[in-house]
Amino acid sequence: MTRVLHLISKSPSDTVAWSVCLDRTAEGDAIMLLGDAVYACHHQAWLAGLGDRQLYVLAPDMRARGLQVNDLSPLVHPVDFEGFVDLTVAFERIISW
Amino acid sequence: MRCVYLFRSGPGGGNRAREAFDLMLTLAAFDQEIEVLLLDDGVWQLLPDQRSERRGAEMVMPPWNELGLYGIGEPWVETESLRERNLESRSLAMPVREVERDSLAVFLRSFDRILGD
Amino acid sequence: MDDLETSTGEKGFLKYTLQVNASPYQGEAADLAFGFASALVAKGHVLHRVFFYRDGVYHALWRASLPPEEGSRLMRWSKLANERGVDLVVCSAAAHRRGVWDPEEGSELAQGFRVAGLALLVESILETDRYLVFG
Chain A
10 MTRVLHLISK
20 SPSDTVAWSV
30 CLDRTAEGDA
40 IMLLGDAVYA
50 CHHQAWLAGL
60 GDRQLYVLAP
70 DMRARGLQVN
80 DLSPLVHPVD
90 FEGFVDLTVA
100 FERIISW
Chain B
55 MRCVYLFRSG
65 PGGGNRAREA
75 FDLMLTLAAF
85 DQEIEVLLLD
95 DGVWQLLPDQ
105 RSERRGAEMV
115 MPPWNELGLY
125 GIGEPWVETE
135 SLRERNLESR
145 SLAMPVREVE
155 RDSLAVFLRS
165 FDRILGD
Chain C
6 MDDLETSTGE
16 KGFLKYTLQV
26 NASPYQGEAA
36 DLAFGFASAL
46 VAKGHVLHRV
56 FFYRDGVYHA
66 LWRASLPPEE
76 GSRLMRWSKL
86 ANERGVDLVV
96 CSAAAHRRGV
106 WDPEEGSELA
116 QGFRVAGLAL
126 LVESILETDR
136 YLVFG
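Residue numbers (the working numbering), protein chains in the order written: chain A, 10 to 106; chain B, 55 to 171; chain C, 6 to 140.
If we strip away everything but chain A, and leave its shape as in the complex, we get (with noise of 0.2 angstroms):
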């Protein structure tokens, strides 16, 4: 089964982003906040929507924006750039959104 990975950069005030991304998500994909989007992983509302898709979140973009990344929710997996790498191995296609 292929599945994808779905990179989100623009900031959770990019309302089309947001709002649609999960539902163009399928089971098995994965979501990938980098840059602004990293504000995202406190959204509450917005994880409450996750389900039971995989949220990771690169950890360096977190650190540049003085966010902390060990009092994140579970449902968000910090990564650096080799997990991001890793990520783009696993999934077979990756679609910046």
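It cannot be assumed that every hint is accurate.
[To be verified] In the SDA-like style, the derived pairs of lysine to any residue whose C-alpha atoms are separated by at most 25 angstroms in a straight line are:
hint, chain 1, residue 1, chain 2, residue 2
1, C, K20, B, F84
2, C, K20, A, V98
3, C, K20, C, G122
4, C, K20, C, R89
Calculated from the structure, these hints are not laboratory results.
Based on these hints, arrange chains B and C on the given structure of chain A.
For chains B and C alone, coordinates are given in the frame of chain A:
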């Protein structure tokens, strides 16, 4: 290979649309099976009667009506993207096929390569 | 990791195409691209090509000089290309349009960059295992 090309932006914004279209046409030249999908503001690309009146520079409109010449079928549009913009497929400049948002993930997975805007 | 049938023939290592659409200072996309590219090659995967499209063509301007604290950003792609043999390609049409390259006169691009058409991007996308777009 089966490829899908996504358009998510409208026709404005300088060369954005033209450069997106150029890449799609280059892909078409490689004799692959290509589908085009318009999402979000991408559906505005197909509004009829777009007129280039930009001062100082021509707003270059991609030749949507020439898709067939490149072996590309009718574009797909996401139903919700139309509805959210108060559009219907019959008000667009060309015939399209619709795909619903909750079928989109499965639709995208069916392709070998996903490209786009 | 499952055994992967890859285009390099080597189990577990994949061949990548990266597309960079953002200029060096347009948000973070370019930094993300470089961070990813560095980690990718460090892990042993093949970075087949980095194709600079749209405003990404500005990365090839060698004349740009940077304030001292930004120094490491200048030439970083060139350095990667030099050390790892990565093919850095700038789209001819996009570069011409933006005054980065002139087909008549040529232009001096940063070391390691070359100019080519979109066909090289498409070819790369079709031939490699993974394709990512930044910006």
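The hints, checked one at a time:
Restraint check: the Cα-Cα separation between K20/C and F84/B comes to about 20 angstroms, which is no more than 25 angstroms; the hinted pair holds. Restraint check: the Cα-Cα separation between K20/C and V98/A comes to about 10 angstroms, which is no more than 25 angstroms; the hinted pair holds. Annotation: proposed proximity of K20/C to G122/C holds, straight-line Cα distance about 21 angstroms (limit 25 angstroms). Among the hinted pairs, K20/C with R89/C is consistent with the structure: their alpha-carbon atoms are about 14 angstroms apart, no more than 25 angstroms.
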